[in-house]
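Chains A and B supply the protein sequences, listed in that same order.
Going by UniProt numbering, the first sequence opens with residue 1, and the numbers climb by one from there.
Going by UniProt numbering, the second sequence opens with residue 1, and the numbers climb by one from there.
Quick caveat, the hints were computed from the structure, so don't treat them as lab data.
What you are looking at is a predicted structure, and each value in this text was computed from that prediction instead of being measured.
Treat the hints with care, as some may be off.
You can't tell identical chains apart in this list, so a pair holds if it fits in one copy or across any two.
Said to hold, decoys possible - Here are the simulated SDA-like pairs of lysine to any residue, each with C-alpha atoms no more than 20 Å apart in a straight line:
| hint | residue 1 | residue 2 |
| --- | --- | --- |
| 1 | 285 | 242 |
| 2 | 285 | 243 |
| 3 | 5 | 299 |
| 4 | 53 | 23 |
There are 2 protein chains.
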Amino acid sequence: MTRPKSVSLREVGPRDGLQSEAPVETDAKVQLIEKLSATGLRRIEAVSFVHPKAIPQMADADEVWKRVRPVEGVRYSALAPNARGVSRALDHGFREIEVVVSASEKHNQSNLRRSVAESLAEFPPLLQQAHAANASVEVIVATSFGCPYAGDTDPAAVASIIEQLVDQGVDRVAFGDTTGMATPYRVQALLDAVKPVSKELPVLLHFHNTRGTALANILTALDYGVTEFDAAVGGLGGCPYAPGASGNVATEEVVHMLHDMGIDTGVDLDKLLEVAQFAQEMVGKELPSGVLKAGPRTRLSAL
Amino acid sequence: MTRPKSVSLREVGPRDGLQSEAPVETDAKVQLIEKLSATGLRRIEAVSFVHPKAIPQMADADEVWKRVRPVEGVRYSALAPNARGVSRALDHGFREIEVVVSASEKHNQSNLRRSVAESLAEFPPLLQQAHAANASVEVIVATSFGCPYAGDTDPAAVASIIEQLVDQGVDRVAFGDTTGMATPYRVQALLDAVKPVSKELPVLLHFHNTRGTALANILTALDYGVTEFDAAVGGLGGCPYAPGASGNVATEEVVHMLHDMGIDTGVDLDKLLEVAQFAQEMVGKELPSGVLKAGPRTRLSAL
Chain A
1 MTRPKSVSLR EVGPRDGLQS EAPVETDAKV QLIEKLSATG LRRIEAVSFV
51 HPKAIPQMAD ADEVWKRVRP VEGVRYSALA PNARGVSRAL DHGFREIEVV
101 VSASEKHNQS NLRRSVAESL AEFPPLLQQA HAANASVEVI VATSFGCPYA
151 GDTDPAAVAS IIEQLVDQGV DRVAFGDTTG MATPYRVQAL LDAVKPVSKE
201 LPVLLHFHNT RGTALANILT ALDYGVTEFD AAVGGLGGCP YAPGASGNVA
251 TEEVVHMLHD MGIDTGVDLD KLLEVAQFAQ EMVGKELPSG VLKAGPRTRL
301 SAL
Chain B
1 MTRPKSVSLR EVGPRDGLQS EAPVETDAKV QLIEKLSATG LRRIEAVSFV
51 HPKAIPQMAD ADEVWKRVRP VEGVRYSALA PNARGVSRAL DHGFREIEVV
101 VSASEKHNQS NLRRSVAESL AEFPPLLQQA HAANASVEVI VATSFGCPYA
151 GDTDPAAVAS IIEQLVDQGV DRVAFGDTTG MATPYRVQAL LDAVKPVSKE
201 LPVLLHFHNT RGTALANILT ALDYGVTEFD AAVGGLGGCP YAPGASGNVA
251 TEEVVHMLHD MGIDTGVDLD KLLEVAQFAQ EMVGKELPSG VLKAGPRTRL
301 SAL
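Next comes chain A alone, as it looks inside the complex (with noise of 0.2 Å):
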């Protein structure tokens, strides 16, 4: 059991975090995914080409991203959820693509108005699509770790959809604890029941920190060698099914931890929190970040 030297984090703050907070100005957003970008975070979930009903935080994504300044090094990612999504991505230069079903039927039906096998089903052609653009699909497994429908997600049925994730040639696959019911039982769980179909697929976790678990979670999967985390800078991002709870852990509080662990991220931690209080003032309330309220462990108090 041996922990990685370094880890990987996705800052997903300005899509994932963004999508359930009040709508923000397009400038705000701009300025966000910008301050972001200089903070030697690598990766950045920067937007969602979905229909402007669905998500009408989403609504000025063509806006947002012709605005930024792209930083070289830093890779930028935009969800889509079909053809439409994807083209409009592709369109805008994005060369990795997100596209989601959840593992729970239920949640699927719910969010998605259809049936897992039939989002499964749409995922080939996309693959095309992006592809013959060079561009790589991640696919976001929802509710992997639990439905706030249909209870405890089988680690089996998770299995079932990355083997055949792996047989359409997907590119990555993350696993999405959509609600916060994620445990360190949980973590082992699915990672024991996927380690043997996901062969050489890059595997990514996606915690929320709705009942505090966050960092015990990752902790549990950096013993299984997992080296690639989303995380939003200063929570962003709350749970829908739980008014005032807590959504994504804040990026923050991941880096802080790694960091006294002797884990790399090459993420300025300093520079984070500037940009988690920027995030903070944007959203015009208190965000749940720990380390944002009380500062870093070595922050020292006068005597």
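Use these hints to put chain B onto chain A, whose structure you have.
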């Protein structure tokens, strides 16, 4: 690396929690202790017998404990800083007493106005006093993982204190993460350092969730075979060094994670959540507990 099958939680909300909140009525404190006693928790730190000028929140400790109807099978403890406090605790029938020293000279000077060596020298007569009354004494080593004034705590300094405490014949020791500076790395370093000197001494860990790491720290300690942890219902008690920041890890977050991992605590989570709700109303502000806000992972939403 086998994790324990059960864990012994000590609830510290009524003492360590309320000590850092605005003062509440005596009757509410009595109710809190009695409600906690009915949740399956087997250990409760009930009060401290300190000078009312030092900690006005505990000025009514005698009255509180006179009115509490203790529940058979629950171990109640009291904190006492000196011979007078130990006498009060013994007179009230307490048979578990806690005394405090900081691993950090700066913190001990600031908190107790004496050196670490002076604090340690005061323990033998207190031990004698308690043991003569068939009471046991636990030494809480504050700032074991870091000090807000001095920074990192050297695990060797903590080990040196433990060696002296073993020689003195103390009954138990607790390592306090007084301002939430612990990370999994610090937990490993501390436990590695104290293991050779702590011998058969029972060890308890006390984490604050100030920077989000409390459950990751507990997970790490479980892998070292530690089975005793402090926690405070609702996450009562903030951080005196960072207004608005979290203090004690919430008991229900610990119970919630451990139960899902198949580790028994004896606690009825639903009953505990009712007490967390009561505690929140008692202090009249939102407590930081995620499980209180979002409910346990088993609480499903309607479609």
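Legend entry - Numbers of the earlier hints that this structure fails to satisfy, in rising order: 3
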